[in-house]
Each structure stands twice: as C-alpha cells, then as structure tokens.
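Undergrad: Spelled out from the first residue to the last, the chains are:
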Amino acid sequence: MNRLLALVYDWLLCQLGVTGDFSRLTFDANQVKLLAVALLRTSRCTAHAGVAYRTAAGALRFLHFANHEVLRDEVFREDLCLGENAFAVPLLKEEDQDFLAEFCARVYRANQSGKLPYSFEFDPTLGFDRSTGLMVFNYDSGLTCSTFVVAWFRSAGNPLVQPITWPRLADPADIAARQYVLDRWRESRKPKLIARADEIESTIQTMRISPEQVAGACLQRNLPTGYYRASKNGRQIHHRIIDQFGEPNP
Amino acid sequence: MDAVIEKPVFRGASTGEPVSRLTRTEQDIRAALAEEPSWFRQINVSLPPYEDEVAVFQQNLDAHCTVNRHREAIAEALDYFDDRLIAGHFRDCDRALRQLQVAKLASSVMVSILGITIRAKTLKGRAIFFERAFQEIARRKGKKYASELLAKYR
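In order, the protein sequence lines correspond to chains A and B.
Sequential numbering from 1 applies to the first sequence in our numbering.
Sequential numbering from 251 applies to the second sequence in our numbering.
Heads up, a few of these hints could be off.
Calculated lysine to any residue pairs in the SDA-like style (CA-CA distance at most 20 Å, straight line) [claimed, not checked]:
{"#": "1", "chain 1": "B", "residue 1": "LYS402", "chain 2": "A", "residue 2": "ASN222"}
{"#": "2", "chain 1": "A", "residue 1": "LYS93", "chain 2": "B", "residue 2": "ARG390"}
{"#": "3", "chain 1": "A", "residue 1": "LYS93", "chain 2": "B", "residue 2": "ASN310"}
{"#": "4", "chain 1": "A", "residue 1": "LYS93", "chain 2": "B", "residue 2": "SER397"}
{"#": "5", "chain 1": "B", "residue 1": "LYS402", "chain 2": "A", "residue 2": "GLU74"}
Covered stretches of chain A (chain B as the covering partner; in silico rule of three or more C-beta atoms under 8 Å from a C-beta of chain B) [stated by the list, open to error]:
{"#": "6", "segment": "91-103"}
{"#": "7", "segment": "148-160"}
Incomplete in silico selection of chain B near chain A, CB under 7 Å [stated by the list, open to error]:
{"#": "8", "residue": "ILE324"}
{"#": "9", "residue": "LEU328"}
{"#": "10", "residue": "GLN351"}
In short, the hints are calculated from the structure, not lab data.
Where is the CB? At the ideal position from N, CA and C, for every residue including glycine.
Bound-form chain A, shown alone:
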C-alpha cells in the first residue's frame, strides 16, 4: 500500500511538471562549490556516478565506487573516463554540504581496509555504518556505483531517492548496461572480476537505479524523490550531455 501511494504521488508530481531544476546541472567542475553528484560518460550505453566534493583547501575530489572491491577517493580530473562529465548539485543548505563533504573523507578512510563487493542486487534498506563505512544490512549483497551514491547520501541522513518506487525488474536498456559491465570484466582477464561476473550474472534482471537517475534525483527541490521524477530528470540529463559533448562513439 505504501509503495502504491508513493508511486501515485510521484507519478502525479511528475505529470504536474514538478521535476528537476536544471540550473543546478553544470558541465564545469569549477561550478561545484562544495558537493555534487558527478556523472561521467563511460560508453555509448553506460555512465558512472560518484560524489564530487571540495576539500577545505578547495581541491575537488571524487569519491566513487569504481569497480568490484575498489572504492576510490581521488583528485577529480577532467579527463576521467571519457572526459565528458556533468555535475548535479543537490539543493542542500551549506551546513549540510559541509558535513557531507567531510563525511566523504571519513567513508573513504574507513573503507581502505574493507572491500566493498559489486552487486546488481540492491536492498533498499542498505546503508553504511557511519563509523566503519561497512554496510549495516545485507552484507553479502554489495553495491553499484550509483547505489553506492544512494547508500552514501542515505547514511548521512540526506536520502536522495525512495527506492520503494522503483520497478522491481530492470528494463532492456538496464540489462544492456549491466551486460556491458560483465563483458568488460570478462575481457579484463582478471580472475577476481571474472569470478564476480559469474556470481552476479543471474541477478542481471533485478531492480536498477541508474547513474542518470541518481544525478536526476539531485536536481529535485525536495528530497528524497521517486522513480518517475528521477527518471525524467535523468533522461533530460542524458540529452543535455549529448548536446554538450555529442553522440558517444560506438
């Protein structure tokens, strides 16, 4: 019942045009004052999401779940991935953003010894233990780059999305994006990635929160937001990226 109500509410607001504020979408890293969700185009059908944040010294860093068991916190470089990047700045008060920016560094430090598994399955109740960075529920499952961002925001008390409103199954485009990841892993010839690809392939049809949807959610005025609005914003971000950088190479 809760899911149905949340879905109807989200759909209605979407139909009424209560969608994203695209003045908070930028392609210029210098426009990120404190915190943003960064969206990096990685191929024709895939993108990568993470949290871009400024240190006290003013450097822009990028906290992201790069791959299976690889959580990275690095200086943001314009040439990361294809160098075709967008930033969605959430409408949060400066106090929240200051806290979240420092929380980034905290999560990374805590995760240096741990190894986050990559998984397509997403338990909506998943979150990080703030102290250790470990997930407090559903230990065996894991995250994708975008569900890492979702879990991170949620863990810091600022949830971005209402996972209950997402379709339970992935659509064909979602499955294609996931298959792309599995194919790259298998081509890598790295035994750990190949083994992980075999382990998670059977879950390829499970619910997917995409990087575009996470960035799209950031543009809503009121958070957390639902599937319809996040998806609509995400599609528009996708088109704006194409307008900005052109069609991706096949």
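Dock chain B against chain A, hints included.
TA: For chain B alone, kept in the frame of chain A given last:
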C-alpha cells in the same frame, strides 16, 4: 570466493539469530546506560579525565570556529565521535554531548555532530545537544531556518 567484506556476526541474546550491527549498536547503548546505576547519574561525580578530554575537545572546536576554520572543526568532531562510537564508548559520547557548549560553534559543526551521532539517538545527551543546537541556530538565523536545517537530524 574469499570474504570480500568484514562481516561481524553477532548473535541475538535471546534467539541466537544474527542481528545487524545497527541493532547491536542500539542494544549496546542501552546496555551501557543500563549498567550505570541511577544514583551514579544523579550525583554530580567529578571525573577529571573525561572532563579534561571534553574540555580540550571544546577548546579545539572553539579555536577552529573562531578563525572560521569550520571544516577542520567538522573533521575533528567527526573523528571524536566516530572513534568513540566504534569503540563502544557511549558514555563518553553522552558526556561530551551533555557538556559541549554551542555558543562558539559554527552551525555546520553542530549539524555534523548531530549527523555523525544519528545512529546513537538513544543517548539522552544527544537530545540535550539537539535542543541546544536548535536554540542557538534559531537565535542566529531564525526558527524557521533552524527547523528546516535540523529536522532530518532529530
């Protein structure tokens, strides 16, 4: 496959079923506070080491905030409470939250303290700190702003 994540499993005392770390934390907090006899809390017992520790912490935060180094103050606050929550030193956290004065703290530092201790909501000191932070931010920026800012950290 090798274990890919540290996975502490804690058995529930009554059922023997694994309980989540979050549940365990809340239970630990309750247990830690329950161990403390009520007379202990009612008497204003002098505990110099803890008081000194909190006093030093307060001085550091105030010093950072006075020169507008808010991010350094936030980092120090996150480290202080995180380290103690990890170690299960809930009484120390509770004591610090009760003793911390907010007059010189930046709003973002108060928010960060409430944010990092959100999983220890059962600490009475946190409720006291929340109220102090609310009043101070309301005094500086208005009640509406304080309500909007702190609602999600209650």
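Undergrad: Hints first: check each against the structure and report whether it holds.
TA: Hint check results:
1. For the given pair, LYS402/B sits about 13 Å from ASN222/A by alpha-carbon distance, which is consistent with the 20 Å threshold.
2. At most 20 Å may separate the alpha-carbon atoms for a hinted pair to count; LYS93/A and ARG390/B meet this at roughly 15 Å.
3. Between LYS93/A and ASN310/B the CA atoms are separated by roughly 25 Å; this puts the pair beyond 20 Å, and the hint is violated.
4. Between LYS93/A and SER397/B the CA atoms are separated by roughly 12 Å; this keeps the pair inside 20 Å, and the hint holds.
5. A threshold of 20 Å between alpha carbons decides the hint, and for LYS402/B with GLU74/A the separation of about 29 Å lies outside it, so the pair is violated.
6. As drawn, the segment 91-103 of chain A meets chain B at 9 residues by the rule of a beta-carbon pair under 8 Å; at three or more, the given contact holds.
7. With a threshold of 8 Å between beta carbons, the proposed coverage of the segment 148-160 of chain A by chain B holds, since 3 of its residues qualify and at least three are required.
8. For ILE324/B, the interface hint holds, since its Cβ comes within 7 Å of a Cβ in chain A; the closest pair sits about 5 Å apart.
9. Evaluation of the LEU328/B hint against chain A yields a held restraint, the C-beta minimum of about 5 Å falling below 7 Å.
10. For GLN351/B, the suggested interface contact is broken, since its CB lies about 18 Å from the closest CB of chain A, more than 7 Å.
When the structure is compared with the earlier hints, violations turn up for hints 3, 5 and 10 and for no others.
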